[in-house]
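Colleague: Kindly generate the complete structure, drawing on both the sequences and the hints.
Each chain, letter by letter, is given below.
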Amino acid sequence: MSAPTQARIRPAVPAALALRRRGRADAVIAPIITLIVLVSLWQIAAWASPLREDLFPGPAAVAAKLPELLADGSLLSAVGTSLFRALSGFAIAVLIATPAALLLAHLPLLRKGLGPLVSAMQVLPSIAWVPAAIILFGLSDATIYTVLLLGAIPSIINGLLSGIDMIPAQYSALSRVLGAGKRQHILSVQLPAALPGYVAGLRQGWAFAWRSLMAAELIAVGGSLALGVGSLLQRGRDLADLPLVMLVILVILLVGVLIELLCFAPLERKLLRDRGMTRTGENHA
Amino acid sequence: MGVLLNEVSLSYPGTGLVIDRLSAQIEDGEFIAVLGASGCGKSSLLNLIAGLLAPTGGWLEVPDDGAAFMFQDSNLLPWLTAGENVDLALKLAGQPKADRPARITRLLELVQLGHAAHKKPHELSGGMRQRVALARALAQDRQVLLMDEPFAALDAITRDLLHEQLRSLWEQTGKTIIFVTHNVREAIRLSGRILVLSSHPGRILETRRITEDLRRTPALAAALADELTAILRKEQRKHERTNSS
Chain A
1 MSAPTQARIR
11 PAVPAALALR
21 RRGRADAVIA
31 PIITLIVLVS
41 LWQIAAWASP
51 LREDLFPGPA
61 AVAAKLPELL
71 ADGSLLSAVG
81 TSLFRALSGF
91 AIAVLIATPA
101 ALLLAHLPLL
111 RKGLGPLVSA
121 MQVLPSIAWV
131 PAAIILFGLS
141 DATIYTVLLL
151 GAIPSIINGL
161 LSGIDMIPAQ
171 YSALSRVLGA
181 GKRQHILSVQ
191 LPAALPGYVA
201 GLRQGWAFAW
211 RSLMAAELIA
221 VGGSLALGVG
231 SLLQRGRDLA
241 DLPLVMLVIL
251 VILLVGVLIE
261 LLCFAPLERK
271 LLRDRGMTRT
281 GENHA
Chain B
1 MGVLLNEVSL
11 SYPGTGLVID
21 RLSAQIEDGE
31 FIAVLGASGC
41 GKSSLLNLIA
51 GLLAPTGGWL
61 EVPDDGAAFM
71 FQDSNLLPWL
81 TAGENVDLAL
91 KLAGQPKADR
101 PARITRLLEL
111 VQLGHAAHKK
121 PHELSGGMRQ
131 RVALARALAQ
141 DRQVLLMDEP
151 FAALDAITRD
161 LLHEQLRSLW
171 EQTGKTIIFV
181 THNVREAIRL
191 SGRILVLSSH
201 PGRILETRRI
211 TEDLRRTPAL
221 AAALADELTA
231 ILRKEQRKHE
241 RTNSS
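Chains A and B, in that order, give the protein sequences.
The numbering of the first sequence is UniProt numbering, which starts it at 1 and goes up by one.
The numbering of the second sequence is UniProt numbering, which starts it at 1 and goes up by one.
You can take every hint at face value.
Restraint-style ranges between C-beta atoms, simulated for each label pair:
id: 1; chain 1: B; residue 1: Lys-234; chain 2: A; residue 2: Arg-176; range: 29 to 37 Å
id: 2; chain 1: A; residue 1: Ile-249; chain 2: B; residue 2: Gln-95; range: 56 to 64 Å
id: 3; chain 1: A; residue 1: Leu-19; chain 2: B; residue 2: Ala-153; range: 23 to 31 Å
id: 4; chain 1: A; residue 1: Ser-162; chain 2: B; residue 2: Ser-125; range: 29 to 37 Å
id: 5; chain 1: A; residue 1: Leu-19; chain 2: B; residue 2: Thr-105; range: 28 to 36 Å
id: 6; chain 1: A; residue 1: His-106; chain 2: B; residue 2: Gln-95; range: 23 to 31 Å
id: 7; chain 1: B; residue 1: Gly-114; chain 2: A; residue 2: Arg-111; range: 42 to 50 Å
id: 8; chain 1: B; residue 1: Leu-161; chain 2: A; residue 2: Leu-19; range: 28 to 36 Å
id: 9; chain 1: A; residue 1: Leu-19; chain 2: B; residue 2: Glu-240; range: 45 to 53 Å
id: 10; chain 1: B; residue 1: Ser-11; chain 2: A; residue 2: Arg-176; range: 19 to 27 Å
In silico contact screen, one side only, chain A against chain B (beta carbon under 10 Å); selected entries:
id: 11; residue: Val-177
id: 12; residue: Pro-192
id: 13; residue: Ala-193
Quick caveat, the hints were computed from the structure, so don't treat them as lab data.
Virtual Cβ for every residue (Gly too), placed ideally from N, Cα, C.
Modeller: Below you can see the structure in the form of structure tokens.
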């Protein structure tokens, strides 16, 4: 017999594994296809546009700018500077925000007083801090880090707080019947239970840190400051070089997305999978 | 030492009196079932004995080391494996680290889950999760074990298996077990004494001793089940009338 017999003797792949493989393939293929479609539409629009190429550059004109920036080393140096600032600033933000969130979670009066302020800080666009930081610290790294920290810290605090708020009440009851003290409850139950919310907060905190950094670098240029990606954007504006501006925007986007895809997405996926959960829209496997 | 409840009352702000002057003596090593309709204060009674709630009237005596507790749903920590969930109880009970692996294995084997130590809760069935929760409760090594409708969400076959295991564990360990349920047959099958609670506020309505003879004689067990079911239905109707008026 032909088809049905062959189908029966085909080596079995566990359904969960097959679903997971398919999910991963979809996660890679779908964004690539979307990107190809968007870039194609952009190029078509550029060709069809009555505007000059320097006023509405297509992807080909933007890409043509890349060798020049790579050759003089300005792009790599700017990306290196910005990444160092973002990662070190983000690490400092985590070190400040984590104990601050734990304090707020365990001191209700403090939370009542400071909670609304932290939420308000999260709403405030961090670019609003740039003039004040320049007045206080001049054109120095302190200005950049101040803006970055003020952008990232509230998100991380709120993420950990909401992670703690969402812990089922029965976990506290469990800690009590198991005889856990407050410290043991925090370390063994509360923090691990809040981890998904915390990672979501870190993820948002990273996005805010990166955005705030770009805003700060865009405005705070000169003095003792090394050239970052945001400053490169400002240079494009000064030179009325739209392909350069577009290229830098793409680089900013790419770095942000790469950190998200390489760090936060796998971490979040692992955390959820370990707990038998999946993100909305993903296969449960 | 067992558990002594003397005129214990509990009221919540807003909902009023939940338990009203309830007195009972539970002997050391006794397996007692607390039977009552939904919302009669059974779980609140266990929370009082566990020290999760404080009585608003009367007093109670429990052993100095407190009581182990098994929740209605397993309440296993989802980021820990079955073995790690049991280990947490051992760690918090102050067991030395070197002794814990052997005890985890022994406890999981006691509930016939020696093979599942490395599985996460979501990889286990509902019945297996409850058995891990039982192993965790036993890990606390306390004489009194409180069980809050632990098998309510399980299918009949799994429940049947767990009843056998629990009876056998009780016989092996000699623990004092206070088992809350709304399932009359479960109460008759497991316990040596049944306390029937009235509905809102909870008071002791009936106390029945369950002898081995009664348990092993289907006709007697069925007659008692019918009688207790009738009492519970009456209480449930009374509770519904009170709520609707």
